[in-house]
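Since the structure of chain A is provided, determine the placement of chain B on it from the hints.
2 protein chains.
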Amino acid sequence: MSEQLIEKAKKAKEAALTLAMLSTEEKNKALLSMAEGLEANIAPIIEANALDIEAAKNSGVSNALIDRLSLNDTRILDMAAGLRQVVSLPDPVGEVLESWSRPNGLNIEKVRVPLGVIGMIYEARPNVTVDAAGLSIKTGNAVLLGGSSSALHSNQKIVAILRDSLGKTQVPAEAIQLLEEGTREEVNQLLKLNEYLDVLIPRGGAGLIRSVVENSSVPVLETGVGNCHIYVDETANLEMAQQIITNGKTQRPAVCNATETLLVNEEWAKHNLTQLLQPLVEKGVELRGCPKTLEYAPTLPIIPATDEDWGTEFLDYTLAVSIVPSVQEAISHISKYGTKHSESIVTEKQQNADLFLSQVDAAAVYHNASTRFTDGFEFGFGAEIGISTQKLHARGPMGLPALTSYKYKIFGTGQIR
Amino acid sequence: MSEQLIEKAKKAKEAALTLAMLSTEEKNKALLSMAEGLEANIAPIIEANALDIEAAKNSGVSNALIDRLSLNDTRILDMAAGLRQVVSLPDPVGEVLESWSRPNGLNIEKVRVPLGVIGMIYEARPNVTVDAAGLSIKTGNAVLLGGSSSALHSNQKIVAILRDSLGKTQVPAEAIQLLEEGTREEVNQLLKLNEYLDVLIPRGGAGLIRSVVENSSVPVLETGVGNCHIYVDETANLEMAQQIITNGKTQRPAVCNATETLLVNEEWAKHNLTQLLQPLVEKGVELRGCPKTLEYAPTLPIIPATDEDWGTEFLDYTLAVSIVPSVQEAISHISKYGTKHSESIVTEKQQNADLFLSQVDAAAVYHNASTRFTDGFEFGFGAEIGISTQKLHARGPMGLPALTSYKYKIFGTGQIR
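In the order they appear, the protein sequences are chains A and B. Heads up: the first sequence runs through residues 10 to 426, numbered per the working numbering. Heads up: the second sequence runs through residues 10 to 426, numbered per the working numbering.
Since the hints were made in silico from the structure, they are not lab data. Treat each hint with caution, since some may be false.
[What the hints assert, rightly or not] Here are some of the chain B residues that sit facing chain A, going by a computed Cβ distance under 7 Å:
no., residue
1, LEU124
2, GLU223
3, GLN252
4, GLN260
5, ALA373
6, TYR417
7, ILE419
[To be verified] Straight-line distance between alpha carbons at most 20 Å, and here's what the computed EDC-like set of lysine to aspartate or glutamate pairs gives:
no., chain 1, residue 1, chain 2, residue 2
8, A, LYS17, A, GLU204
9, A, LYS20, B, GLU338
10, A, LYS345, B, GLU12
11, A, LYS119, B, ASP384
12, A, LYS119, B, GLU387
Ideal Cβ placement from N, Cα and C applies to all residues, glycine included.
Only chain A is shown next, with the shape it has when bound in the complex:
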């Protein structure tokens, strides 16, 4: 274990103790100071970012990755604006969640407290550095940032600016720690820092998340992978179904709440499948269908689906389509291939909607709406740490409370057992 890393983790843990005691006002002042720091240092950030972009280009990575890595004035101002928005959100820390008295006279209060130290593991986007630092500080947590080595210069510059900005506030600069190099080896060490980290949050592709879940002994908030389905039931309104599936698939295909598989009731499909799929074809979506899909929409360009397609998160203009005999079969299909993220039924039959919403095991289950709504902002949370696909602690879109725990305060007058 690298001593430098342990030193950073220790400092984060110490800072967390101070941070946990600060008032909302003091934390908000720090966030505003961080926003001002970014706004006053656009040029040096872009300069540092240029080094990362040059290195990325030299190593021949994809244009998509270079886009995610690239900063400009607007993106930096957006990061600062994000911090200002977090200022405006209510502070969950200190909230008394419950309180009650026991027959022996003990008074018990369940009070919301920060988690302590949050480890973030993420890929090329330098905006996550600011985002994670802002959300952590608002909730009274220190953060150990496991940014990727590909964004090292950008992250180092941003973190230096944020820490400088904290110098004028009550929040200790040590509350924000950045890995020395962000190498895979260093990130792997984070996964074993149980003594210092209270939670690890991986943000990025499926590979990154799987690797963290499989190897971390620190508790993990698993986020992200969404193989989302829409099931069009026997009584679906055609126009509504067209709009919902077109939106779910094409409004932003690269995100986790985009729709990946369409399930269609067979009776309904016999009369409506071609019309349902037509708008998708016009939008350039590649359709991969089961044999019956090809049979019921013979005039459309549909590729035969492989078994692998049912389990694939395409994140692209590609949709798998399967004909199913009933809502029960749709539920079984989702149970087999879904990732417990977002699932939707389009139906006019209340009974089938109820069955689907009860039986489908996912963070968000929809009746007559697009899967694209699974999002902290769309839910009205004002911020989003990520979308949890696990069942412990937090499920679905995670707002600020997901970065908190609670403690019991017990007030006695000498009680013993």
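Using the frame of chain A, we list chain B on its own:
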């Protein structure tokens, strides 16, 4: 990975889908049937248990372990009574935790749901088999029981009876699964069953829990280890302090909420330490003190403490004692050596109590009460799955809601983004 184990896990997962849909009444009927099954089969259980006890005696294990392993009429009837008590508790599943509408007309409900499949890993106590099965079924979860091989005959017989009892109810018998042999190798496979298990709960000694936390890729609810402190402040009432520390240390020393280290304010100690410790000496408690403890209580039999003593969960009639200059130093000591379980301050000064309860990072923080109250029954939860010492999901005593998650049900009328 053993195919038998995967088969059991698959069956549990299927059963969980059925179980999640059952009404409280149907689940309660199953629990009552399980209780009746145990009551009607005392002799065969004791017979099976005798085989485990004989094997344990032949392998020369401690008497304490043999005691934990041993069943008799009373213990079996207690297990059945425990199931009947769970029947009387409210069912958390189905509770609407929150609901709200969005400007676009979407209605969102946050509804409590079962976790799915719970993996329990535990040591020799066969009563945990019944306990875990009962709590899981009440909360709509299937359970995969990782009982120790030392209790295999007892567990097999108990599980067979419980599953038989379910035959007459709506709860599938497959909702209760027991490992084939409970060997370490088989238990280790449980830790990687992410596809089937939603959570793992280790119940047992510190070694077992550490091993599960370090090696599991399934999310873990960490329970148990308690290095609990009582700090006696400068304004403490002597009699109250005597009672609280004597209770914390001696009422049941082998449990996790027993007190392990006493911290005493120096000014107060100068006048009161001998009197404070006298009742402990009379109860046969071995005291291990810092140099100042020996100085301020020169007439008492106190062994010099080693550094290791401050971090030790003695679980016995042994108490470490340290003199500290202030409440702040007491908090620092606890921050360094505590396990975030239960910590108490005895003081008449409200300001110091507030400081201690705010700054000490533990599941339960007490003012003028014994640490022994950290317990699901003492908190009024009616049941206890364990005491969480982690901060994710559940902290402190865990009642039935700790075995649940939630999902969002979203009701639309064709909304798209």
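Here's how the hints hold up against the structure:
no., hint, result
1, LEU124, "holds (5 Å)"
2, GLU223, "holds (5 Å)"
3, GLN252, "holds (5 Å)"
4, GLN260, "holds (6 Å)"
5, ALA373, "holds (5 Å)"
6, TYR417, "holds (5 Å)"
7, ILE419, "holds (5 Å)"
8, A:LYS17 <-> A:GLU204, "holds (13 Å)"
9, A:LYS20 <-> B:GLU338, "holds (19 Å)"
10, A:LYS345 <-> B:GLU12, "holds (19 Å)"
11, A:LYS119 <-> B:ASP384, "holds (14 Å)"
12, A:LYS119 <-> B:GLU387, "holds (15 Å)"
Checked against the numbered hints given earlier, the structure satisfies every one of them.
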